[in-house]
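Asks: Listed here are the chains, written in short residue letters.
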Amino acid sequence: MVPDSVDGRVASASERIGTTASIDGVAAGTVVAPTSTDEVAAVLREAAAEQQTVVVQGAGTKLTWGLPPRSADVLLDLSGLDQVVEHAAGDLIATAQAGTPLTVLQAHVGGAGQRLLLDETVPGTTVGGALATNASGPRRLVAGTVRDLLIGVTFVRADGVVARAGGKVVKNVAGYDVGKLLVGSFGTLAVVTEATFRLHPVPPATRWLTAHVASPADAQRLVQSILGAQVVPAAIGVAFSPAGASLSLLLEGRADGVDARVEAARELLPGSAVSDTGPDGWGTYPWDLSATGDDRAVALKLTFRLSGLADVLAATDGFRVTGSAGAGVLYAAVPGEDPAWVAATVARLRAVCAGHGGSVVVVDAPAAVKQAVDVWGPVPGLDLMRRVKDEFDPDHRLAPGRFVGGI
Amino acid sequence: MTPLEQLTASARDLLPPEAVITDAARLRTYECDGLAHYRVTPGLVVIPRDKHQLAAIVRCCAELGVPYVARGAGTGLSGGALPHAEGVLVVTSKMRTIREVRPEDQRAVVEPGVINLDVTRAATPYGYYYAPDPSSQLVCSIGGNVAENSGGAHCLKYGFTTNHVTGVEMVTPDGDLVRLGGDAPDTPGYDLLGAVVGSEGTLGVVTEVTVRLTRLPEHVVTVLAGFDSTDRAGGAVSAIIAAGIVPAAIEMMDALAIEAAEAAVQCHYPPGAGAVLVIELDGSRAEVEAEYDDVVRLCRGNDAFEVRTATDAAERALIWKGRKSAFAAVGRISPDYIVQDGVIPRTALPEVLRRIAELAESSGESGVRVANVFHAGDGNLHPLVLFDDTVHGAGEAAEEVSRAILDLCIEHGGSITGEHGVGADKAAHMPKMFGPDDLDTMQLVRCAFDPAHVSNPGKVFPTPRLCGEAPGRRKGAHPLQEAGLAEVF
Ligand SMILES: Cc1cc2nc3c(=O)[nH]c(=O)nc-3n(C[C@H](O)[C@H](O)[C@H](O)COP(=O)(O)OP(=O)(O)OC[C@H]3O[C@@H](n4cnc5c(N)ncnc54)[C@H](O)[C@@H]3O)c2cc1C
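First to last, the sequence lines map onto chains Z and L.
Residue numbers for the first sequence follow the working numbering, beginning at 1411 and rising by one.
Residue numbers for the second sequence follow the working numbering, beginning at 11 and rising by one.
Note that these hints are calculated values from the structure, not bench results.
Remember, it's a predicted structure, so these values are computed and weren't measured experimentally.
Treat the hints with care, since some could be wrong.
One side only, chain L facing chain Z, incomplete, derived with CB under 7 Å [said to hold, decoys possible]:
| hint | residue |
| --- | --- |
| 1 | 74 |
| 2 | 254 |
| 3 | 389 |
| 4 | 432 |
| 5 | 446 |
No residue lacks a Cβ here, since even glycine has one placed at the ideal position from N, Cα and C.
Next up, chain Z with everything else stripped away, as it sits in the complex (with noise of 0.2 Å):
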């Protein structure tokens, strides 16, 4: 049910892209490939009239995040949407479509010595995928996620209407953050086709420390002695495997700040190595990226006060482990292939986790480990959630049954 109205490049663009797609075992019906606001307008229209289910990509990369949509009658394409629309280096803003791949628009800004101040931890992201998933590195730890670098979005809602909310400017106070609403929603609220984010300048220097650390007790405490100097870390990764357990502290700023930094952050890390570029690893998930359906590891997310990071790494012990010391988040890879010990797992890693004010989130897994185990967790406020979505999206038709509590 092609959606024809659109001037005719919706329909070319869908029979290039075929109609073969399936998104985490789900068979896509039409793939639409809009190249612009209007035109994923048009296409939402038309799927309100004919009560389709839509389900959005970017790249692609993290289509299989979170619980399969119940059905996908549209999947819409927005690898068209791929400009960079503005970059105001004097503002330090820039504003891009939502399909534009993050090195993209890294590259555009970086030209004046700017960027966005996100880790790119699946290569290939675009700017509406990592808006989507908050997916977030071990930078996170001084500007926060990409939820606190957007300041404007332009998007269309289920019912085709388009709209918008923040600005183009930093500071904003001028109505509710719809904004933040919709990062992190997993397409299920409204469809992002144009994000604006602050920038940051790209510091003249960069060092990584990488040092072993003894066990998760020790760990605990050299992040602890980090954040307590004043050596002001950029980012905290941890990394754990039954191969060996690191910590690295990413210093930056100027020169002469950076350097007499390292010197202090030595002392509090000894045996540390120096390096101009991160450990192997960094900023990435402790799975395999490339790997699909089955072969799947289970990925976790899990989150906690910073004084419960030794537990958690306790608790996760055996497992490949990586993520943001300083945030007080860590991903782990966990084998999927026993559905019921995964399940049982993800229990006893939830105790733990609540216990430090934290949570597990099932990122991704195999279809018979998302069948098992409940990939979100207990939600505080969900019925709040429920009504916020049957606001946005009172047919359930964007991403159905792919968010929290089956919304």
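Once you have looked at the hints, place chain L with the ligand on chain Z.
Replies: Relative to the frame of chain Z, chain L with the ligand by itself:
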């Protein structure tokens, strides 16, 4: 009995006698917030001691359909806490307990009535502070900060309230206590916390706030630079930003604002300056020292005729005294004034300042003047529109200038408010900044939280949206099916 009378009776059952205020004279002391020309005497004032009392009152309001307005310290500058004549004003001034300070987790948990600066005071012994620092931090409440998404001079580097609040507990307009967010980051589900921060009390009343604590910097240097003109000072700001430096703060004052500050607090800014910049650098000592050299060079390169540096707390306080007193200080040079709050892209500063000067000039006979104080790093303007209300037509002319400044902000792609909020004051400006569909979408959020419009009604949005389903709409899956408890075959 009217609903309000019924509510008053219930309130007396739920709260101790001193927490229920019905006396007309005492009610009037709550008739306005910091924007004193909007005044409404509340129908009833309640001062709950804890979240359970507060929730019980809101539940009654929900049942009786009585509107309520939350009030923290009442320092808001947009009429956000303006009471409702037939409603209840819920005051948090007796909810001032700092529950936890946990430096090891970089968190503090506080009640909503806690004063902003008291959080920092409680954290300082551990080497931490609460970063968002509105100029009113000595008196304003954390609950008010959350509602307004308040900023401060140091937001340029550290971000706003929304970046420093990791969780709240709140009473929904149904009277339910819910937790959004928490100690740990990235709570699963929609970021309702992100929507509640800055919602100006229209989505519910916050009863507990978990904030992020920030490590106190090792070293702080404050620079005061005097320039001939705002253009030159603006040039220095651009040069600093272009050099990749993000100072903790960059504040600008123009000649008239300096004159006022000088009269009020004798801050001894460089004599004859057409503009001053207050630039603060903080962080590790080595880093600050490296940046400091560049900042001074860039100021001189943009013709600063005097550059002073303060490195100890007393000297720094002296420099900040002029800036922090600026709002109140204009009272020394003008009998009446309006504090405006708008935002422009920082690079539009020279152009917008010229246009503001023209606006003041064109007001002619009425003698309206504009003193400019602003957070120059992020383009947040606080023009102070000065007038004499005894001069015929001056009040109207001043309001006209103030309105026109907001139009300028919108014309330059900016915002009608950077930190003071929309409240009652700027609701009418919202349609100039946002289209009908934008406003309609924001109100979907309102409908999800407060379909009956009982929580701070009449604020933020010029016209309320009717909530509720369009007739004949097909609903989605059954909740049991969604929760995975039932399947449809
Ligand atoms: C001299 C002066 C300087 C100022 N400087 C700054 C500045 O630098 N930066 C800045 O951002 N602001 C500034 N302000 C504005 C004001 O101080 C802030 O908006 C502050 O956050 C208001 O806090 P309050 O406790 O006084 O809130 P109130 O004025 O009592 O209320 C403000 C809003 O918050 C709502 N509210 C209050 N408590 C709650 C709650 N518990 N739950 C839900 N909603 C609630 C109210 O309904 C209202 O809409 C300044 C004000 C003055 C008078």
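Asks: Given residue 389(L) as an interface hint, is its Cβ closer than 7 Å to any Cβ of chain Z?
Replies: holds (6 Å)
Asks: Go through the hint on residue 432(L) and say holds or violated, using the shortest Cβ distance to chain Z against 7 Å.
Replies: Hint holds; residue 432(L) Cβ to chain Z Cβ min 6 Å, cut 7 Å.
Asks: Is the interface hint satisfied for residue 254(L)? The criterion is a beta-carbon contact with chain Z at less than 7 Å.
Replies: holds (3 Å)
Asks: Tell me if residue 446(L) is really an interface residue toward chain Z, meaning its C-beta lies closer than 7 Å to one of theirs.
Replies: violated (9 Å)
Asks: Min Cβ distance, residue 74(L) to chain Z: is it shorter than 7 Å?
Replies: Hint violated; residue 74(L) Cβ to chain Z Cβ min 22 Å, cut 7 Å.
Comparing the model with each numbered hint stated earlier shows that hints 1, 5 do not hold.
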